[in-house]
Each structure stands twice: as structure tokens, then as C-alpha cells.
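For reference, the chains in residue letters:
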Amino acid sequence: RAAALSLDAASRVNRAHRPSREGSAPVFRVVPVRAKVERRAAGFPSANPPSRNAADEARASSKNMGSTGEETQITCKFVTRLPEKYRISPTPFAVPGKLTRYGLSEVINHLLALDPPKPFDFLVDGELVRTSLEKLLLRKGVSAESTLEVEYIPAVGPPSEEATGKHDDWVAGVCGSWGGAIATASYDGTTRLYSPKGKHLVTLDGHAQPVVAVTLLPPTEDDGNGCVVVSGGHDCVVRAWDVVVDAKGDSAKHVGSSRVFVGHEGTITSVAASPDGVCFASGSYDKTARVWARTVGADAKTHDDEIEAAREARAAEWKATAPSSSKRRKGKDGDGEDAVSDVRPLERSVFEALGIPDPNDAKKKPAEEEDEEEEELPAGVVVLRGHTDAVTAVAWESVDVVWTGSMDHSLKSFDADAGTCVQTYAAPKCVMGLAVRAGGGMLAWCGGGDRMVHFWDPRVGNATGATTSLASHTEMVVSVAWCPGSEYQLASTAYDGNVKLWDIRGKLPLHTVKAHPGKPHTARALCVDYHGPNRVVSGGIDGRLRIFKVDNEDRAS
Amino acid sequence: AHGNGSAFARARTRRPAERRRSVAMENTIGDVPIQWFRDEEHIGYDADGRKILKRARVDHLDHLLQMVDDPTYWRKVFDEREDKEISISREQLELIRKLRGGILPNNFFGDEYQTNLAEPNLVLPQAREPKRRFVPSKWEAKAVLRIIRSLRKNPDARVKKTQNEFDGPKLLWEGDEDPATKHNGLAYLPAPRAKLPTHGDSYNPPFEYRADTQVDENGDEIKTPRRFYDALRRVPSYAPFVLERFQRCLDLYLCPRVSKARLNINPKDMLPPLPSPKELKPYPNTRCLRYLGHEDKVVSVAVDATGKWLLSGSTDKTMRMWEVSSARCVRKWSFQDPVLNVAWCPGNGGSRLASACVGAAVVLLDPHAQPSADLSRHANAAVAEGVAENDAPPPWDERAGLVFVKHAGVVSKINWHHKGDYFVSLVKGGSNVMIHRVSKRSSQRIFRQQKTPIRAATFHPNRPVMFICTAAYVYLYDLQRQCLVKKLVAGGNSVTCLAAHAGGDNVIVGGSDGKLQWFDMDLSNMPYKVMASHANGVRAVAFHKKYPLFATASDDATVHVLHGAVSADLNQNALIVPLKILRAHTARDVEGVIDCVFHPTQPWLFSAGADKTIALFCDDN
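Those protein sequences? They're chains P and C, same order as listed. Note that my numbering has the first sequence beginning at 1, numbered continuously upward. Note that my numbering has the second sequence beginning at 1001, numbered continuously upward.
Keep in mind that the hints were calculated from the coordinates and are not lab data. One or more of the hints may lead you astray.
What the hints assert, rightly or not - In silico DSBU-like pairs for lysine-lysine, Cα to Cα no more than 30 Å straight-line:
#1 Lys77(P) to Lys118(P)
#2 Lys140(P) to Lys118(P)
#3 Lys1054(C) to Lys1084(C)
#4 Lys507(P) to Lys166(P)
#5 Lys1131(C) to Lys1142(C)
#6 Lys1332(C) to Lys519(P)
#7 Lys287(P) to Lys1419(C)
#8 Lys519(P) to Lys1317(C)
#9 Lys1440(C) to Lys1451(C)
#10 Lys1142(C) to Lys507(P)
#11 Lys287(P) to Lys1612(C)
#12 Lys77(P) to Lys166(P)
#13 Lys1580(C) to Lys519(P)
#14 Lys1440(C) to Lys507(P)
#15 Lys1317(C) to Lys1131(C)
#16 Lys1612(C) to Lys519(P)
#17 Lys1529(C) to Lys1428(C)
#18 Lys1428(C) to Lys1487(C)
#19 Lys287(P) to Lys1153(C)
#20 Lys519(P) to Lys118(P)
#21 Lys1332(C) to Lys166(P)
#22 Lys118(P) to Lys166(P)
#23 Lys1612(C) to Lys514(P)
#24 Lys1131(C) to Lys287(P)
#25 Lys1098(C) to Lys1084(C)
#26 Lys1281(C) to Lys287(P)
#27 Lys1428(C) to Lys1612(C)
What the hints assert, rightly or not - Far from chain C by the CB rule (all over 12 Å, computed), these chain P residues:
#28 Leu112
#29 Pro218
#30 Gly440
Cβ coordinates follow ideal geometry from the N, Cα and C atoms, glycine included.
With the hints as extra help, turn the sequences into a complete structure.
As C-alpha cells, then:
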């Protein structure tokens, strides 16, 4: 220990025996670094210390140079849950009160004699240290005389861009819940798979309209390295593809027949796979959410063929009934005949589409008028009813609890088997994005067009309204995702094009990444997800999928 | 001491006046001027005719010495007439001081006089002297003019009058002796003369009148104890009498007795107590999204009933459909004419059928179907095929999946009935209203002859009544009975747009003069509130369906959001509170914000501007 405390260029540690409560316990006086240059010399990543903190410390250290007699000493006891390698003796140290996160990290590095240095984050009473210790004590109203217990955890490193995937259109949904691949949903109507390194694996085409939501069903026991890609969009159907990724992870192919899950009457807004991968939930603008078993989907090919046949039949009928107009078109425009006879859904009259009968033709009255009384649901489909407006977000808490967020300003939890509403939280605004912490507990949601990430703890209940919110984005927040395996970390993205990483124990974001840069209103991020704890993926209207690597060792304990 | 000396000097110069007033005089020279004796040794004569010799004069040096020696020297006055020095007492000095200061010398009235002056009700008038006091009287001038004119007309009049004065002496009492003969009619009866007071009635009668007994009319002696006073001011009624006189004088002077403070009210205190906008959250206050894509000014926006899709019409001859939450343009329809208005049909869930005003036709279309590539050609053909005659009902033409309802002129506005079967259309500058029925594919006009151009028309939200709005009036027309129900008078003759509250009893109307008028039909046919908050004309007004909000869009490039709570209680008037001025557009060619519409379920507002953009405003914290 004495060797570890020897003087070096970065910091000066005075060994001073003071009459302390512990009697013989030595108390070390740690004087922080003087200048930024010296800190760099200590080997810390330059992007790591927030510039504000650096400025604070520079000010603090310059003050120290002037009058060292005025500085407050705070007795700290450093504890950690990290492995033995990173533990220091539980004896209290006296450190200058002007120390911030960076200074404390330096102290720990010095005491551990780590090379290369490792950045640490510090917790006091479950709150991240973001100011100097002095200010923290002042705010908490704790006497500077008492021993402060400071827990240190490894700091989350700054995200660095690892790879980019390019799409033809906006990337509206992204999912990284399966380790093998990252799925994206795009407004060009395709769903794509990317390897974690950013290599394009496969493009899945099938949706007639933009796809906005995608999820990956993790492989069950019988299909080893294959997964199911489930996506939904503006065409009101959910489609699923079985995809097998080869062992090397640089190519994938679609196997078997794709399936289609028909039932929603409104645009699909969100899909989410259950933790065990057996079923998935989808939310829609028809005010319901549905839980589908992965096996209940109809064969997509027959479904598409039926639609195609109906369309062709309609076109033929239209051609037969409207010969005069087609003649005129031909006269005006040479290739008009071919262009119009091209099979298009539009050839059906708008009234026919709406079921408004033609008053002149009584025979054509549709026979089925009140056919949609009670829909016969196949086994394995559960309809979650209860919301009075569109369901915009679904998320699983456990294998049998689904949370839904809706435009009717509420969050509801449903029993996934019975389809009954269990709990309701009346949110102050409409919900547009929702994430549930794995294992339950905290809900993070965003919406209402505001710039905050909101939290609600269902265990606390509705009465106390114990919500907190984090504000740092400059435009409306659209998507949130919890870090898998972490109780505290989450990522959020907003229409300002930024992805922000948060630790809910602090009010400031850990890191901000300009994920989709550009002019305002032309560079917006639309979705964010974690791919494992060390990767954050996001998609935006620049048609890019961005994959960021995050140095995240919080779960080392 | 110096001041006293000068007072003394002045006192000396006044000696003759004082001397005249002195009562006991030894010198008997009478009123002979004293200057006559200036060079004599005597100063006059006594009663026996002997000379009264002058005393030895003291020179200036002696005066100086006396001034030094005698501390009371400054009070001594030399009386030349009496030829002696008089020492003035302190009382006399006080008297002199008061006289010179213009104060009443004796304290005649006790202290009341002073205290009365100090009383607050005798404050002198605060008001400024009116101007008429300084201006020559108009009526006097007229009277003088009249005299002058009469003199000019008849110059002899004055001569005659002056001659009359020299007619000779007249009896003062002439005509008094027989009043009955003098006046025709009723005889003048003079009042009986009051008995003159005698010595005995005096407050201080001579000794011989001071009897305790008096003789009454019957000759009996009445013993009346009396008190006598040596001065009038000691009579008990003297003090109130003086006071009363004083008050009467003030009356004559028109002096105000009670001081009246001028009314001093802060103008802000006169405003009604309004709740703070913070208490009225949520309301749209921050711009969240912009919908970019149109190439010319956006003139109309409409949100479907689910709040997912937004339709916009523009003068760039396209109609676009946007996804509200992501500002993505999902579909685009190109026509040959500007799209002046767009609307969703509220039936079938409110998002299945869209309608647009394109040139001289109303187009009904399925917004979720892919538009055909040669749409604009179809539209052109449909419109060109047969322009509807003025009287004939417009034909419904179905082609390429679209339905065209043709009109006689450029269709400027359509509004749907809440059930989704009927819609009303207005031709630009036209003076007629067409009602169309989708299920029957029929159209009809509701007026036979109507001269005034109609600016806006909309259905009543829950009764078979239609609001028809001209520049000066809003008519409520009963569609079942086909008669006029009510006529609301909008001032200004400049109404451009109208919106009806969901309850149906309140209507807001915007005018090109920038004024917003709120009509409460339960109250009156005159506006309940008029708000002139916009600098330029109001282009669109909108009510929220769920929240008590309404908004006005104006050519000054602002949208004003107001709280408008209509109470179910008939005794309570609508509460209108201005909440927020939203500025997100820039004005182009004197046009600012052209249309605004609320989201059907959220407290959000869409505004369409002449700067080619649509903005979404949300309720941020």
C-alpha cells in the first residue's frame, strides 16, 4: 500500500496521521491533479471526463494552488461490489471536498495502481456523483464531519460508432434483442437483418406498405441458430419470417414459408416478442393489442395469392363495366391502355371500398352487412381490450405480463393468457414509446410530444404518482430502451437526432451521441434499442442504421 | 434687535395717525397742523390759553446713549403732538403686529373661528377655476349687441331717456299711497309692519329699562328674569350666529364643504379575474414537428378521426397525406388545379374516405389506396367533360376509383355532416350552398335565390340545422322545416370563417379585420365577446372536440390558442381565456397562417402556413 501511495506526476498523496476515530487507521490526504495535461498523462480517455467537470476541477485546483488552507476535507469510505481485483481497504480517506467524479476516479486508480487507468463512477446514497463532493453534501444536508460512504462502479464508456447500415428509406423500427442479428423495419416496406458488425444479411420483403415495427423472436430449443423476424406496419398485418443465420454470422437466409397474422383493423404501431420467444404482442390503431402465438400465422403465400386474385377479379370487372372511359384514354394517350389496365387496387370505386351501395343498382347490395359481430378467434390469439384510443406501444414484463401504452393517456398491464387488464396507470400525456425493465419494476415511457423520458414504478402504484422524468433532449422523445441486464441504464432517442444513454440514478445523461446528424427536421432519429449490453443501435430518417459500441462493465459484479 | 429697530422706525413715521386716535389728550391745539409750531418754542396752548413749552430736544448722541443704556428703548416712541415719549406695552406691540399682518387685532370670536378654518369640511375647492370665469360672457355680449342694434336702429331712444331724467323732481313715494289703484287685479297687501324694538329689547339697555317685569297686552305684569350683557359678543346666541353667517357666506361663494377625492382606479383592476394559463393546461404551446414537402402555400389541413393521418391541400396542385407522429408524407395526389380544401368523411371510423376541393369539382377518394399514376389526367378529364350548369344538380362522375362531383365554379370549401352521409360545398364567390348526399349520389342547392355571397357554411353538430355565414350575418337555417331559425349579427362586414362548438350553442366567427367574435346563442344574437387580437385578418378558426380549446389562425403569421369553456349551467357564461400565441410560420405575400385544425383526441394543433409548411404544436411542459 505504501508503494501505491508514492508520489507521482499525477497526484500528490500526503500521508498524515491524524487523531481519527479509528485510532490507528491511517488517513491519507489526496490532493487532486493540477492541470488537464497531467490528467491526460494519467492515461484517461480524453472523451471520458465531461468538459464541465474538467472545467470545475481546473477551477478548483487553481484555487487550491492559491490557498490550500481553505480546502474542505471530506472523509470518505470507498466500497464496491466489484471483484477482489478492484477492491481497496475499507479504511476512510480524507479527500478534498472539491473533488468531482473525475478526481475520485483518479484517487481510486491511484490507490489500485491500475495501468491502464479505468474510469469509475461514484454513488452516494444511490445517486451518481455529478457535482463536487462539497456541493453534494450541502445539497443533501449532511455534515462534512461524518464519514461518507461512496460506492464506486465502473463508468460507462463513451459510445463509438461501429458500423452503419444503409436503407432506401426511413428506418422506423429496430430490434437487437437476439444476439445473432439486428433487425430493422423501414418505410420502404422491407425488413432487414444485419450482423452486429453491420453487415447486411437478408432483406425480407412482403409488406405492401411501410413497416414501422419489428421484433425478433429468440430461438426456441428446436431451432438453434435461427430466429423469427416479426414485423408490422401500415398495412395492418403482422408478418413473420423464419431466418437462419449461418455459424460465421455473415450471411443469413430465409427458410420455410413466411406467415401472416391477420386480425388488426388499424395500422400496427408496435410489436414485441415475449421473453421466452413463444409468442409476441402487437399494438394497433384499432385500440387493441393482440398476443399471437408464433404458430398461429396463416401461410403468407396463400394469403397474398387470395388478395391478388381478388384484385384481379375486380380489375376485370371494372374493365368490363367501363369500356367507354378506357377508349377515351386510349385516344388521348398512346400507351394509356396498358397503363390503366395495369392491375391496381384503385379500380374499385371508393364507395364500393366503403360498402356504400349504389342507389341505382339494388341488386349489387352486399349480402353481408352485419357479419363482424363476434370474430371467431383461433386458439393462440388473445385480444387485449381496454384502451379507448390507439395502442402505440407494447412491452413484455415477464412471460405472462404485457404492458401497453396508448394515446388515451394510459399504461395498462394485461395478463397475456387471459387477456384481462391487471393494472392501469393514468399517464399525464399520450404514450408513444414504452420500455419495461427486464424482470419488472420500472417502466420508462415517452410521448405527448414532449422532450422528456418519464418513469413509473408499478410497484409503488398509482396513488403516489411517483414518476420522475429526465430532460435533456431538445425535441420530442420517440423511443426508449432498457439496457439488458442492467437495472439502471437505458437509452433514449428523439427527433433531435441524438441518442442519449442514461443512468436513472443521475439526472444528467451519461453520454449523448449525435447519431443522425443533419439539419433540424431533416435528421431525426426514430428508434433505439440495445443489442446486448455493449451495443446501442438506432435508426433515423436518414435511412441509416447506426450501431454504437458502448464500453459497459456495470454488470461485472 | 435689528428687525425690532426697523419696526420701531416705521412706527415713528405713523405717529400722526396714532395720535389722531388717542383718546385722552393734554394738548388742546386741536387740529392745527403741527408743522406750524415747528419753529416755535411752544407746542400749543392749554385750556387756559397759556403756552405749553416744548421740552428740551435730545440729539442723536443722546439717542444713541439711551439705546445702549435703556433695554426698553426700542419700545419708546416720541409723540410730537403731546411732546413726550410714550412707552409701548407688549400688548400694544402685539396689536401693531397683528394690524400690520392683516390679522384681526382682537380675539373677538374666541377660538372657534380658528378651529373652524382648520376643519376638513371647509377645505377650499380643489377643482380648477373653470374656464368660463376667464371668458367674457356670451350672453352679456349678446345683450350689449342687442342694445347697440336697437340704438343704431333708433338713435333717439337714448336722447329721450336722458331727457326724461330732467323732467323734474319726483316724489319718492309716488304710487305707494294706493296700491290697489296702481296694480290691476289683486290688491297688493303689504305685510304688517313689525314692531320696532325698543330700548327694553336691547341686550344692554339703559338702567331705567332694566326691569324684571314687563306689561303684556292685557295690562298684566309678567315677571321675566332677564340677563343683560355688556357687549354683543357675550350674548349666548352670538357665537352660533357668526358661525351661521360664515356658513352662509361660504354658500354664497359656492364653496364645497366636503372634500371629494378624485376617482383613482388602476385600469388593471377593472379587468375580470381570469385564471392563469398554467391552470388551464394542457394546451398546445410548443412546435414539435414540421411537415415539409409542399412546394407552394398550404391552404387546408384535416386530421382523421383516429388522429393518425393528416391531409393537406396546397396551391401546388397536390394533396398529401402525412403520418402525424412521424411527419412522413405517405401519399401524394397530383391534380391539375389547386387543392383549396380537404376534409375527412366522419363516417366509417373517420379515416376511410377523404374529400378534396380540386378546381370545379369535389373529389372523393380512398386515401389508403395507392393513387393511380395518371390521376391528374383523370381529374382533368372529369372536370373538362361537362361543367355543371348553374341550375342543374351537379353530376357525380366515378372514374379511376375516384368520384368527382362537379360544380359551376371553383369549389372553395366543403364540410361534412357528423354522420358522414351529407356534405355541404361552397363555390368560390358564389351565393349558394350545395348539399350532397353520398349514399344517394345526389346533390341539391338549398336556396332558390340568394344574392349575398356566402363565406362559410357548416352543419350544426347535433341538430338538423346549418350555419350559413355571409360577410355580416350568420344564419341558422333549419334543413328539415326549410326555414330561417336565427340570424346572428356580426359587426364589421368582414366575416371569413366560422366554427361551431360541439355543444352547438356557441359559434366563433373570424373576420378579415382581425377580429374574433364569439356568439352565445342562448344570450343574444349579438356577439358575446369580440376579441381584436390579430394584426391581420383571421383565416381560420377551430374548436377542439374534447378539450375546452379553440384557436384562430391569422395572416399575421400567428395562431392564437384560447381556452373556451362552455358550462352546462345556463346561468354561467362561457369562460374565455387567451392562452398562447404560437409563432412558427413566416408570412409570404400578406398571407401568414391559412388554416388550423385541432387533433381529435390530443391537445395538439396543426397549422398550415403560406411558407409551404405545416406545423404541429404539442403541450410541452
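For each hint, the structure was consulted:
{"no.": "1", "hint": "Lys77(P) to Lys118(P)", "result": "holds (19 Å)"}
{"no.": "2", "hint": "Lys140(P) to Lys118(P)", "result": "holds (28 Å)"}
{"no.": "3", "hint": "Lys1054(C) to Lys1084(C)", "result": "holds (9 Å)"}
{"no.": "4", "hint": "Lys507(P) to Lys166(P)", "result": "violated (34 Å)"}
{"no.": "5", "hint": "Lys1131(C) to Lys1142(C)", "result": "holds (19 Å)"}
{"no.": "6", "hint": "Lys1332(C) to Lys519(P)", "result": "holds (24 Å)"}
{"no.": "7", "hint": "Lys287(P) to Lys1419(C)", "result": "holds (21 Å)"}
{"no.": "8", "hint": "Lys519(P) to Lys1317(C)", "result": "holds (27 Å)"}
{"no.": "9", "hint": "Lys1440(C) to Lys1451(C)", "result": "holds (29 Å)"}
{"no.": "10", "hint": "Lys1142(C) to Lys507(P)", "result": "violated (89 Å)"}
{"no.": "11", "hint": "Lys287(P) to Lys1612(C)", "result": "violated (33 Å)"}
{"no.": "12", "hint": "Lys77(P) to Lys166(P)", "result": "violated (50 Å)"}
{"no.": "13", "hint": "Lys1580(C) to Lys519(P)", "result": "holds (27 Å)"}
{"no.": "14", "hint": "Lys1440(C) to Lys507(P)", "result": "violated (62 Å)"}
{"no.": "15", "hint": "Lys1317(C) to Lys1131(C)", "result": "violated (70 Å)"}
{"no.": "16", "hint": "Lys1612(C) to Lys519(P)", "result": "holds (18 Å)"}
{"no.": "17", "hint": "Lys1529(C) to Lys1428(C)", "result": "holds (29 Å)"}
{"no.": "18", "hint": "Lys1428(C) to Lys1487(C)", "result": "holds (23 Å)"}
{"no.": "19", "hint": "Lys287(P) to Lys1153(C)", "result": "violated (104 Å)"}
{"no.": "20", "hint": "Lys519(P) to Lys118(P)", "result": "violated (36 Å)"}
{"no.": "21", "hint": "Lys1332(C) to Lys166(P)", "result": "holds (25 Å)"}
{"no.": "22", "hint": "Lys118(P) to Lys166(P)", "result": "violated (35 Å)"}
{"no.": "23", "hint": "Lys1612(C) to Lys514(P)", "result": "holds (28 Å)"}
{"no.": "24", "hint": "Lys1131(C) to Lys287(P)", "result": "violated (79 Å)"}
{"no.": "25", "hint": "Lys1098(C) to Lys1084(C)", "result": "holds (25 Å)"}
{"no.": "26", "hint": "Lys1281(C) to Lys287(P)", "result": "holds (25 Å)"}
{"no.": "27", "hint": "Lys1428(C) to Lys1612(C)", "result": "holds (22 Å)"}
{"no.": "28", "hint": "Leu112", "result": "holds (43 Å)"}
{"no.": "29", "hint": "Pro218", "result": "holds (28 Å)"}
{"no.": "30", "hint": "Gly440", "result": "holds (28 Å)"}
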